[in-house]
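Engineer: Chain by chain, the residues run as shown.
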Amino acid sequence: MKTSRNVIYGGLLLLPAAVLLWTFTYQPIVATILHSFYSTPRGRRSSVFIGLDHYETMIADPVFWKAVTNNVIYAATTVPLSMGIALAMALFINAKIRGQAAVRMSYFTPTVLPMVAIANIWLFFYAPDYGLIDQILRPFGLGGNNWLGNRETALPALIVITIWKEAGFFMIFYLAALQQISPSLLEAASLEGANAWQRFWRVTFPLLMPTTLFVSINAVIGAFRLVDHVIAMTKGGPDNATTLLLFYIYQVGFGFWDTGYAAALTVVLLVVLMLIAVFQFGYADKRIHYR
Amino acid sequence: MREERHSHLAPVLTNLGAWLLAVIWVSPLLYAFWTAFHPASYAARFDLFAPWTLENFERVWHAAPFVRYFANTFMLVTLILACQLVICTLAAYAFTAFPFRGSNVLFMLVLLQLMIMPEVLLVENYRTLNTLNLLDTILGMGLPYLASAFGIFLLRQTFKSIPKELEEAARLEGANALQILWRVFVPIAKPTYIAYALVTVSYHWNNFLWPLVVTNSVDTRPITVGLQVFATVEQGVDWSLVTAATLLSVAPLLIAFLLFQRQFVQSFMRAGIR
Numbered sequence: 001m002k003t004s005r006n007v008i009y010g011g012l013l014l015l016p017a018a019v020l021l022w023t024f025t026y027q028p029i030v031a032t033i034l035h036s037f038y039s040t041p042r043g044r045r046s047s048v049f050i051g052l053d054h055y056e057t058m059i060a061d062p063v064f065w066k067a068v069t070n071n072v073i074y075a076a077t078t079v080p081l082s083m084g085i086a087l088a089m090a091l092f093i094n095a096k097i098r099g100q101a102a103v104r105m106s107y108f109t110p111t112v113l114p115m116v117a118i119a120n121i122w123l124f125f126y127a128p129d130y131g132l133i134d135q136i137l138r139p140f141g142l143g144g145n146n147w148l149g150n151r152e153t154a155l156p157a158l159i160v161i162t163i164w165k166e167a168g169f170f171m172i173f174y175l176a177a178l179q180q181i182s183p184s185l186l187e188a189a190s191l192e193g194a195n196a197w198q199r200f201w202r203v204t205f206p207l208l209m210p211t212t213l214f215v216s217i218n219a220v221i222g223a224f225r226l227v228d229h230v231i232a233m234t235k236g237g238p239d240n241a242t243t244l245l246l247f248y249i250y251q252v253g254f255g256f257w258d259t260g261y262a263a264a265l266t267v268v269l270l271v272v273l274m275l276i277a278v279f280q281f282g283y284a285d286k287r288i289h290y291r
Numbered sequence: 292m293r294e295e296r297h298s299h300l301a302p303v304l305t306n307l308g309a310w311l312l313a314v315i316w317v318s319p320l321l322y323a324f325w326t327a328f329h330p331a332s333y334a335a336r337f338d339l340f341a342p343w344t345l346e347n348f349e350r351v352w353h354a355a356p357f358v359r360y361f362a363n364t365f366m367l368v369t370l371i372l373a374c375q376l377v378i379c380t381l382a383a384y385a386f387t388a389f390p391f392r393g394s395n396v397l398f399m400l401v402l403l404q405l406m407i408m409p410e411v412l413l414v415e416n417y418r419t420l421n422t423l424n425l426l427d428t429i430l431g432m433g434l435p436y437l438a439s440a441f442g443i444f445l446l447r448q449t450f451k452s453i454p455k456e457l458e459e460a461a462r463l464e465g466a467n468a469l470q471i472l473w474r475v476f477v478p479i480a481k482p483t484y485i486a487y488a489l490v491t492v493s494y495h496w497n498n499f500l501w502p503l504v505v506t507n508s509v510d511t512r513p514i515t516v517g518l519q520v521f522a523t524v525e526q527g528v529d530w531s532l533v534t535a536a537t538l539l540s541v542a543p544l545l546i547a548f549l550l551f552q553r554q555f556v557q558s559f560m561r562a563g564i565r
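If you read the protein sequences in the order shown, they are chains A and B. For the first sequence, the residue numbers in our numbering are 1 to 291. For the second sequence, the residue numbers in our numbering are 292 to 565.
Be aware that one or more of the hints could be misleading.
As the list claims (entries may be wrong) - Cβ-to-Cβ under 10 Å is the rule here; a few derived chain A residues that face chain B:
1. 21
2. 113
3. 277
To be verified - Chain A is nowhere near these chain B residues, computed Cβ spacing over 12 Å in every case:
4. 330
5. 343
6. 349
7. 352
8. 359
9. 369
10. 428
11. 461
12. 463
13. 474
14. 488
Worth flagging that the hints you see were computed from the coordinates, not collected in a lab. No residue lacks a Cβ here, since even glycine has one placed at the ideal position from N, Cα and C.
With the hints as constraints, model all of the structure from the sequences given.
Structural biologist: Now the structure itself:
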């Protein structure tokens, strides 16, 4: 009796969420996989089953490989650097410094701004000759850089602004975790003669491990999800030096209107995200305990 | 022993490091602020005694329909927040108070949306909106986000921490399922609601890619897309104008943040502790 009541009540309460999640998350996942085996409908020609053709195109597509490489580089630099800075920020603020509120505010403010706005501010900083960075460098004879127009520096330029935006956000998680650490643990370590350096590495850092895992998973997802700055600053250029996977999907889907190929590219992105999910549920969750 | 020798130096170094990082972090914003409030001729050369002006803001205000963009963002965020609060509350309540065989599997399925957010599936979601005839509408822009796995997750956590006795007591007094939700669960979860609301408002106020794809006219464009349209046209022409437009577009959220800084940070912390 109780179970059937639960099914009815639970089912009704879940219905709105279920319909929406089905329509905009699960159904599109299935449709994406399906459409990746079909040609893109063009004009009167409707789409036909073409098997793995899109995937063969993809393997031979240098832009796809460039996008994957860029995204891996982008994730492998932005995630550890922004998290390292975030941890430093959290430790600073937790150390009861002077003007704590002001310092915390300057760390956190970039986080509340939209990436498009940040991109527009930094476009100005990166501008050749009269941009802020070139103006600072000019007295040292290092001016005349086209940061975003140069294949070597364009991706690092995007990495810098991502770190600037994200570090303050990740700091919050570390700050929350630091405040949960019992002071008696650190006192005990002090009594045993551990200096500040040892206390950090032997007590604080291991206790922060669940937070580090949690933040890094979210940071990696973010590195594959946020491409607003690519659209606003470089459009993937120069010469695809800043093309990230989701940006390429956007370009193929809404620039070239090749929706079939875009579906195949999306499948790759879904596989990447699924692997992260499997890692989280399979490995990380054994360490991070959800209640 | 070594500890004591360092005890005078360490706080000084910590303060120095913290402030140095703070100055580095905030200076891009301060410089942008400075540029926006000075004539275009000073954009490329810093001069402490340059005259202040509001002209850039005035020109920007007349150059693009910012009022409309703000109104669109406001409607979008309100729609998403209101629907999310209701839909996530109901779902979280179902997972907490009415567990049935398979509801844990369903919950795991819901969590999938934490990884695969609607904008990742933008090609298919665009197709769906086209079928529903909702392209270039505010409803269409909000629709994929109305059910939020994050919201369901967060509220379920809070609901689970509520003692069973409170629920039982309300039931003995004759309250039905929805009354129990409204009188027992919702009031206790108030801090979670505030935390979630702040996180979701700032997320959707700042969201860009999906609105960019879906909108096509001044009538629906949110401020982020409007700013981008403006900046793309003005780019390389007048940095003072672009910076002024940028500051203008972030002003409401930034002012709200500066006023309620403590609540913001605490809410993000609350939402972050899982």
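Engineer: Does each hint fit the structure? Answer for all of them.
Structural biologist: Outcome of the hint check:
{"no.": "1", "hint": "21", "result": "holds, 5 Å"}
{"no.": "2", "hint": "113", "result": "holds, 5 Å"}
{"no.": "3", "hint": "277", "result": "holds, 5 Å"}
{"no.": "4", "hint": "330", "result": "holds, 14 Å"}
{"no.": "5", "hint": "343", "result": "holds, 19 Å"}
{"no.": "6", "hint": "349", "result": "holds, 19 Å"}
{"no.": "7", "hint": "352", "result": "holds, 17 Å"}
{"no.": "8", "hint": "359", "result": "holds, 17 Å"}
{"no.": "9", "hint": "369", "result": "holds, 17 Å"}
{"no.": "10", "hint": "428", "result": "holds, 15 Å"}
{"no.": "11", "hint": "461", "result": "holds, 15 Å"}
{"no.": "12", "hint": "463", "result": "holds, 17 Å"}
{"no.": "13", "hint": "474", "result": "holds, 16 Å"}
{"no.": "14", "hint": "488", "result": "holds, 14 Å"}
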